[in-house]
Amino acid sequence: GEDVEQSLFLSVREGDSSVINCTYTDSSSTYLYWYKQEPGAGLQLLTYIFSNMDMKQDQRLTVLLNKKDKHLSLRIADTQTGDSAIYFCALKGGYNKLIFGAGTRLAVHP
Amino acid sequence: NAGVMQNPRHLVRRRGQEARLRCSPMKGHSHVYWYRQLPEEGLKFMVYLQKENIIDESGMPKERFSAEFPKEGPSILRIQQVVRGDSAAYFCASSPPVAPETQYFGPGTRLLVL
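Residue numbers (the working numbering), protein chains in the order written: chain A, 1 to 110; chain B, 1001 to 1114.
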């Protein structure tokens, strides 16, 4: 079955860039997503990329997709304390269901 | 345009009771998905419904769990005879028919089974 792996923790200094990585096994996914979850809240769709793209940029967010290595990354430029949250990588599976990684907890410190 | 609404936000049940979780999708959205999040884990797909139809229930436990999305009213996830292992956050998401690949999530219902 599909598998999505993420590192569990990332700590960065305020103002630095954060890079959150994700690897997956199912190469047939047409859409790949990044969601953000703040404590006690639901998931906020940050951005998504279609599988025929290599890169997508949206303000401070840059998504890179390496299909050969089955690797997806999310770069947050000029990271702020408000970016502290859990970030989930997800892939579109059959019948539109999303397959999530376990999440990367981003901590931003001064 | 209000977002996906879920209620209750918190639900406490004793073992053996029933839990009913409700989800109202965003206006114009006819696709509803339910996911479960265990503590310190990612979300796991449970079921995908369209109005009056279950499209994919491959993630639903075989017993005690059921879901519906009637022609009128919210989608309901029902858990009968709850056990402590059912304690989790249950999230609903919805998507529009023209862009089913884009799912928007509700705030979740946190179920605690005592």
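Derived from the structure by calculation, the hints contain no laboratory data. Heads up, a few of these hints could be off.
As the list claims (entries may be wrong) - Think about it this way: if two alpha-carbon atoms lie no more than 27 angstroms apart in a straight line, the pair counts; the simulated DSSO-like pairs of lysine-lysine are:
| hint | chain 1 | residue 1 | chain 2 | residue 2 |
| --- | --- | --- | --- | --- |
| 1 | B | LYS1027 | B | LYS1062 |
| 2 | A | LYS36 | B | LYS1071 |
| 3 | B | LYS1027 | A | LYS70 |
| 4 | B | LYS1044 | B | LYS1027 |
| 5 | B | LYS1044 | A | LYS67 |
| 6 | A | LYS36 | B | LYS1062 |
| 7 | A | LYS36 | A | LYS70 |
| 8 | A | LYS70 | A | LYS56 |
What the hints assert, rightly or not - Beyond 10 angstroms from chain A on every Cβ pair, some chain B residues (computed):
| hint | residue |
| --- | --- |
| 9 | VAL1004 |
| 10 | GLY1016 |
| 11 | MET1026 |
| 12 | LYS1027 |
| 13 | GLY1028 |
| 14 | LYS1044 |
| 15 | ILE1055 |
| 16 | ASP1056 |
| 17 | LYS1062 |
| 18 | PRO1074 |
| 19 | ALA1093 |
| 20 | GLY1108 |
Each residue gets a CB set at the ideal place from its N, CA and C atoms; glycine is no exception.
Hints and how they fare:
1. In summary, the hint linking LYS1027/B to LYS1062/B is not supported, as the alpha carbons are separated by about 31 angstroms, beyond the 27 angstroms threshold.
2. Between the alpha carbons of LYS36/A and LYS1071/B the distance comes to roughly 32 angstroms, so the proposed pair goes past 27 angstroms and is violated.
3. For the given pair, LYS1027/B sits about 35 angstroms from LYS70/A by alpha-carbon distance, which is inconsistent with the 27 angstroms threshold.
4. Of the supplied pair hints, the one linking LYS1044/B and LYS1027/B holds, its CA atoms being roughly 25 angstroms apart against a limit of 27 angstroms.
5. Annotation: proposed proximity of LYS1044/B to LYS67/A holds, straight-line Cα distance about 24 angstroms (limit 27 angstroms).
6. Note on LYS36/A and LYS1062/B: the hinted pairing is violated, with a Cα-Cα distance of about 30 angstroms set against a maximum of 27 angstroms.
7. With a C-alpha separation of about 21 angstroms, the suggested pair LYS36/A and LYS70/A falls inside the 27 angstroms cut-off, and the hint holds.
8. With a C-alpha separation of about 16 angstroms, the suggested pairing of LYS70/A with LYS56/A holds against the 27 angstroms cut-off.
9. For VAL1004/B, the shortest C-beta to C-beta distance to chain A comes to about 8 angstroms, within the 10 angstroms cut-off, and the non-interface label is violated.
10. At roughly 27 angstroms from the closest C-beta of chain A, the C-beta of GLY1016/B stays outside 10 angstroms, upholding its exclusion from the interface.
11. Listed as a non-interface residue, MET1026/B keeps its Cβ farther than 10 angstroms from every Cβ of chain A; the least gap is roughly 12 angstroms.
12. Every beta carbon of chain A lies more than 10 angstroms from that of LYS1027/B, the smallest distance being close to 17 angstroms; the non-interface claim holds.
13. At roughly 17 angstroms, the least C-beta separation between GLY1028/B and chain A is larger than 10 angstroms, which holds for a residue marked as non-interface.
14. For LYS1044/B, the requirement that its beta carbon stay farther than 10 angstroms from each beta carbon of chain A is not met, with the minimum near 7 angstroms.
15. For ILE1055/B, the requirement that its beta carbon stay farther than 10 angstroms from each beta carbon of chain A is not met, with the minimum near 6 angstroms.
16. Residue-level check failed: ASP1056/B sits 4 angstroms from the nearest beta carbon of chain A, not beyond 10 angstroms.
17. Chain A leaves LYS1062/B outside its interface by the beta-carbon criterion, the shortest separation being 17 angstroms against a cut-off of 10 angstroms.
18. Here PRO1074/B stays apart from chain A, with its beta-carbon at least about 16 angstroms from theirs, past the 10 angstroms limit.
19. A cut-off of 10 angstroms between C-beta atoms contradicts the statement that ALA1093/B is not in contact with chain A; the least separation is 8 angstroms.
20. Look at GLY1108/B: its CB is around 5 angstroms from the nearest CB on chain A, not clear of 10 angstroms, so calling it non-interface is violated.
Checked against the numbered hints listed earlier, the structure breaks hints 1, 2, 3, 6, 9, 14, 15, 16, 19, 20; every other hint is satisfied.
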